[in-house]
Amino acid sequence: MRPQVYLDHAATTPVAPEVLAAMLPYFSEQFGNPNSVHRWGQQAEHAVYAARQQLAVSLNCTAGEILFTGCGSESDNLALRGAALAAQAAGRGSHLITTAVEHHAVLHTAQQLADHFDFELTLLAVDAHGCVSAQQLADAMRPDTVLVSLMQANNEVGSLQPVAELAAVARARGVLFHTDSVQAASQLELDVQALGVDLLSIAAHKFYGPKGVGALYVRKGTQLQPQQTGGSQENGLRAGTQNVPLLAGMAAALQLVQQRRAPDNEKFLQLRAALIAGVLQRVPESRLTGHAELRLHNHASFVFRGVDGNALLRRLDVEGVAASSGSACKTGDPRPSGVLLAMGIQPEWARGSLRLSVGRATTAADIDYSVQTVERCVAALRK
Amino acid sequence: MTTSPAAKLANANTRVVIAMSGGVDSSVAAALLVEQGYDVLGLMLRLWSDESAKDSRNSHNKCCAPDAIIEARAIAGQLAIPFYVVDAQQIFREQVVQFFLDGYSAGTTPNPCLECNRYIRWTFLLNEALSLGAQYLATGHFARVQRKPASWQLLRGTDAAKDQSYVLSVLNQQQLAHAMFPVGAYTKAEVRELARGFGLPVHSRRDSQDLCFLPDGDYRPFLQEHAPATLRPGAIADSAGRQVGMHAGLPLFTIGQRKGLRLAGPEAQYVVAMDAVNNTLRVGPRGALASTRLRAERVNWVSGVVPAEAFAAEVQIRAHGRPAPARIIPEGSDGVTVEFEAAVQSATPGQAAVFYAGAEILGGGVIAS
Numbered sequence: 054m055r056p057q058v059y060l061d062h063a064a065t066t067p068v069a070p071e072v073l074a075a076m077l078p079y080f081s082e083q084f085g086n087p088n089s090v091h092r093w094g095q096q097a098e099h100a101v102y103a104a105r106q107q108l109a110v111s112l113n114c115t116a117g118e119i120l121f122t123g124c125g126s127e128s129d130n131l132a133l134r135g136a137a138l139a140a141q142a143a144g145r146g147s148h149l150i151t152t153a154v155e156h157h158a159v160l161h162t163a164q165q166l167a168d169h170f171d172f173e174l175t176l177l178a179v180d181a182h183g184c185v186s187a188q189q190l191a192d193a194m195r196p197d198t199v200l201v202s203l204m205q206a207n208n209e210v211g212s213l214q215p216v217a218e219l220a221a222v223a224r225a226r227g228v229l230f231h232t233d234s235v236q237a238a239s240q241l242e243l244d245v246q247a248l249g250v251d252l253l254s255i256a257a258h259k260f261y262g263p264k265g266v267g268a269l270y271v272r273k274g275t276q277l278q279p280q281q282t283g284g285s286q287e288n289g290l291r292a293g294t295q296n297v298p299l300l301a302g303m304a305a306a307l308q309l310v311q312q313r314r315a316p317d318n319e320k321f322l323q324l325r326a327a328l329i330a331g332v333l334q335r336v337p338e339s340r341l342t343g344h345a346e347l348r349l350h351n352h353a354s355f356v357f358r359g360v361d362g363n364a365l366l367r368r369l370d371v372e373g374v375a376a377s378s379g380s381a382c383k384t385g386d387p388r389p390s391g392v393l394l395a396m397g398i399q400p401e402w403a404r405g406s407l408r409l410s411v412g413r414a415t416t417a418a419d420i421d422y423s424v425q426t427v428e429r430c431v432a433a434l435r436k
Numbered sequence: 396m397t398t399s400p401a402a403k404l405a406n407a408n409t410r411v412v413i414a415m416s417g418g419v420d421s422s423v424a425a426a427l428l429v430e431q432g433y434d435v436l437g438l439m440l441r442l443w444s445d446e447s448a449k450d451s452r453n454s455h456n457k458c459c460a461p462d463a464i465i466e467a468r469a470i471a472g473q474l475a476i477p478f479y480v481v482d483a484q485q486i487f488r489e490q491v492v493q494f495f496l497d498g499y500s501a502g503t504t505p506n507p508c509l510e511c512n513r514y515i516r517w518t519f520l521l522n523e524a525l526s527l528g529a530q531y532l533a534t535g536h537f538a539r540v541q542r543k544p545a546s547w548q549l550l551r552g553t554d555a556a557k558d559q560s561y562v563l564s565v566l567n568q569q570q571l572a573h574a575m576f577p578v579g580a581y582t583k584a585e586v587r588e589l590a591r592g593f594g595l596p597v598h599s600r601r602d603s604q605d606l607c608f609l610p611d612g613d614y615r616p617f618l619q620e621h622a623p624a625t626l627r628p629g630a631i632a633d634s635a636g637r638q639v640g641m642h643a644g645l646p647l648f649t650i651g652q653r654k655g656l657r658l659a660g661p662e663a664q665y666v667v668a669m670d671a672v673n674n675t676l677r678v679g680p681r682g683a684l685a686s687t688r689l690r691a692e693r694v695n696w697v698s699g700v701v702p703a704e705a706f707a708a709e710v711q712i713r714a715h716g717r718p719a720p721a722r723i724i725p726e727g728s729d730g731v732t733v734e735f736e737a738a739v740q741s742a743t744p745g746q747a748a749v750f751y752a753g754a755e756i757l758g759g760g761v762i763a764s
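So the protein sequences, as listed, match chains A and B.
Just so you know, we're using my numbering here: the first sequence kicks off at 54 and counts up by one.
Just so you know, we're using my numbering here: the second sequence kicks off at 396 and counts up by one.
Excised from the complex, chain B in its bound form (with noise of 0.2 Å):
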């Protein structure tokens, strides 16, 4: 890993900016690309401040509170580069908070990471870092890129438990061409060895996968205080459509979930659907929850190219969910469905379907239904 003097200077003339989080992945990813040799600035987003939750230290949001700025600002100092907050609360908000209320109005369990990485790091940020004159955004996801002689692939980390490729695969050519992840190609644990090396802080508070913006993480009381219409009371309804209970609001539940349904009766039963339109939660034994197709919209080719007719690949349905063998099936510009060889278990309206050839994201769309 250490780099020769003369690909040193090479780099020196590769301005790169680096998205500083203050946790240890992006830390790492900032002291790799100082040690290469590049010239590095950090950029740390001002996403999202919780008016509610300020005057609570405890209560704040992960993401950029203030302990995390002065992190990362700290780590800069040490590796000596300029960092900069760029304030980006309202396209966050318009973007990625709003998607994220109205998926959930919508009946869905919207993943509003991926609405983030698509508009906000690798649109806003990377627009952001070009017009300060670098030529790549770098940022500290597990993924890695490689160039091929006409294009650039996406391919998940080498770890495959902290891989993030999932919540990347919004991204397209012109931002691959950008792209940098220097710690794609370790893994946490080696992350964890080199920042011990440099100097850095390991304790890292926790993985930056959950939802940054929520105060604790818990999206509950955040719909109550910004989309209170979401969390009306409502019917249960059994798969013969008869009302088996109630329920508190639909946001509260997920597909496949089993606890807190309060229901009677001989068999277990399982949330299904959600029926945004009746304000009703289908519920239905667990082999209601096994699918063997799915639809999904919004479709990013990485490559730019709608595949002209239907292929084979694997399929991941969740963050870190196995990925499944099927048949993908465009459907015009930007939809698809896919086949599953074998059935799968509780396929989420509004996560994302990811579509692999081994390592390599080909692309991936929101699942509709």
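With the rest of the complex left out, here is chain A (with noise of 0.2 Å):
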């Protein structure tokens, strides 16, 4: 029996068993629908109510500030969508800022704006590691920018970004800022108030939690245009029958994630920094890509000259490796991903992109057979 190593926990993590337990109650026994008025209905509003004040505690912030989504992608584009469309409304502007880094669900959102509703779109250069200083997002800023929406940490290099300080120079200008903070959520101090942003995006499934649900933080007094209308749930901004028992999982997880973090960050940093002196000094034309030290604990990622990133995953699952080339993606697609490509990798080495992230069940043997599977894997593909 070969090895089975998952390495793509920012792809996606289990479920803890602390989690799963507190979801079973409201599938079958408390399955009341919250927006009822009788007891059952009760129940589930209570179980409703207590997950938004868990969440509240999570993020350093009220309980009607957080708002309930049903995956990170709806986080980032309720915030996209809903700010810059209610700033416009009211006149502010149609100015938008972000980078050519994002993730897909703000990037493709921001550029939608842009195509279809009339605003302008500045893409901040990046450097080398994925990153954008305060002072290039001052110099962006203009009198008509009514949103700012850069990320925590990159999903495909996981560098982090400077986020306290670049939205402080959005709310000197009394400029909206997001941060999508998916990517960042397992293992960063997700306190709103410390980072100082308007709107924050992240999903339970990243850190330990169950899928199809996520979370918006929406700072109080921030005008957000409905993206899905119906029913007044969630303050009128988010029309749909809450999620009860992925709710209080998200809860539950996000509570684990802030009492497990010493240690897990802890273990995650010697797993990271095992695997990439492991694969940058056994793989022969190996780089890390992304920040070396500025990056999420638990991720490593590189890129190999001449490599068919495509053809290296398949042999490394086949080798029993789960890994990915940045993001979760399987369509075979060919070209280098485009965040390499603005960080100004090139495409030889670009096209031969991995990313390796540990989890909570990562092991140091875990770590050896998979730095000596890249090593073999690349090896054969160069031949």
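Where hints are given, some of them may not hold.
Covered by chain A, per the in silico footprint, the following chain B stretches (three or more residues, Cβ under 8 Å) [unchecked claim]: (1) 632 to 642; (2) 691 to 704.
Chain A is nowhere near these chain B residues, computed Cβ spacing over 10 Å in every case [claimed, not checked]: (3) LEU436; (4) ASP462; (5) VAL481; (6) HIS621; (7) ASP670; (8) SER686; (9) ARG722; (10) GLU734; (11) GLU755.
Pair ranges (Cβ atoms, derived) [to be verified]: (12) B/SER399 to A/ALA432: 36 to 44 Å; (13) A/GLN312 to B/GLY594: 53 to 61 Å; (14) B/LEU626 to A/GLY359: 38 to 46 Å; (15) B/GLY592 to A/PHE80: 52 to 60 Å; (16) A/HIS157 to B/SER444: 16 to 24 Å; (17) A/GLU338 to B/SER444: 51 to 59 Å.
Worth flagging that the hints you see were computed from the coordinates, not collected in a lab.
All of these numbers come straight from a predicted model, not from anything done at the bench.
Positions of the beta carbon are idealized from the N, C-alpha and C atoms, including for glycine.
Make one complex out of these two single chains by using the hints.
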């Protein structure tokens, strides 16, 4: 039996047992609709309330500032489209600022606003690590700028943006600031006061919670135009019956992340160090992508010159190592990642990208096996 | 067809890659391999995406359309085998589509399926399979491989009506040593029956023998887009060289075609040749279509051995044609002259002439003249 090593925690994580336990009562026992008048409804409503309270504690905000969504992409969509369209309607301007290295949920939404809703879009240039500076943002600000969206941690290369500094630039000019914390939430502090952001997106499945549920922090007073209309759930900003078990799971999962953050991150750092050192030492013509230190604790990403990244993923999977080329995509698209190209990485390197992300269950032996396997597979593909 | 536990155990150490299309033949092939206990991986080639057809679901080329990928993925999921999509768009464009366009530019009727089997399936995909640790590449073709003491034979599929050995005549010994055709010993009806037994969908898109990269199977708009120079109007000339009409582009016709010429005259006229140099369509009476000899080039000998002297065989000159008795005279390393016992109709430059000894494929080449 070949080893089976899962090193794709940046794509998704297993639901923690505690999280599963927190969800189970709300499927068949306390199944009520939280919007109903009766006791079944009240029971469910209380679960939603408790989840919101818990999430508010985790994000250091008030419960009224937590908006539940169906996923991280929905949170990003609602943040961008909702805030941009509300600002435009209020006559505050039509200029948006983001970067080319954002998740497509942000980038494609911003591009759609530019293409079809008369917004002007500035994409800040990123440095070789995929980061931007506060000065760059300040220089790009215009009187008609209404929204800045910059991710907290990059999903493909793991680099951290100086969100607090960047948000301060926007705040000083009274411009809304959104951050996509979907990838960061499993490890970084999500204190919205310390970060100084107005909007922040998370998705539960990235931090040992269930798939199909996310949240958007909306600072009190921030105007959003609802993107899904209907009932008055979520302050009228997101119609639809709340997914009670998944909300309970998300809140429990984020609480667990906070409780375990120090030991988890310590472990991730050790594993990451072994992974990066092992791959760079043993694989010729290999490079780390993203920042060497200012990166997610569990995240290692590489490029290998002259290697077909998709072929590498197939081989690794057959050899028992589950990895990714940078995002969870399996169409076999041969084009190199736009994120890597934006960072100035040459196509002959960028085509051979690999992301390995460790998790709570990863062991040192898993890392050893993975390093050996990556070395072997890259060598075979170069033959 | 049930496999003994001992045989299954033995097969478990043999990794087989099945090339999946989402269609019933390759799906049943995959299911048979799983049932026989092999370590099976599914691969699907992404060969072509026609940008112009992207927005229209209906005009999608049949092969590797998103729907086909979804179907193949679903079948792999049902069989619980790993499944990967392998991008081959660049090499397919270079080796197959370009060949197809060049063939029409040269006034022939090219058969890209042979090139696809030669370069894409049985070179590019086989290499990918071997690199994934597989000993075999299996496909849903109706053909058979038979092991001889010192060599491999390629045989027709059991179902004469569905036999696909014609397009596999490009295979050599190295490829056959790694080839499996799990449905080749079954009839199409039996394959459908097996599909039902395995709980696989039996509805099938059109058989994948048509040109897979053409939206709606029509090559004319495709040429218009990718090689418009091939569709220039020109003269139609009769056997005496007199201009008797005009054509709208040589690729719109095939050898033996009668319809669409719009010629007046007492005797029915047929396309007998394409003169690409002069962009002229040559027509003649039905009798002019008959020929007793042809020349073929780029000949592949399945055994790997070029015959030392002329020999008798049956020769098939189109994908579903009837084999005709002939003498084959090898010329040089990769040419032959074929002399038929009785005249054959409409031998078409660009198509393959494939040599058979009964059910065995000896080889084949591309008809040059």
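Margin query: Run through the hints listed earlier and report the numbers of any the structure violates, in increasing order.
Written below: The structure breaks hints 1, 2, 3, 5, 13, 15, 17; every other hint is satisfied.
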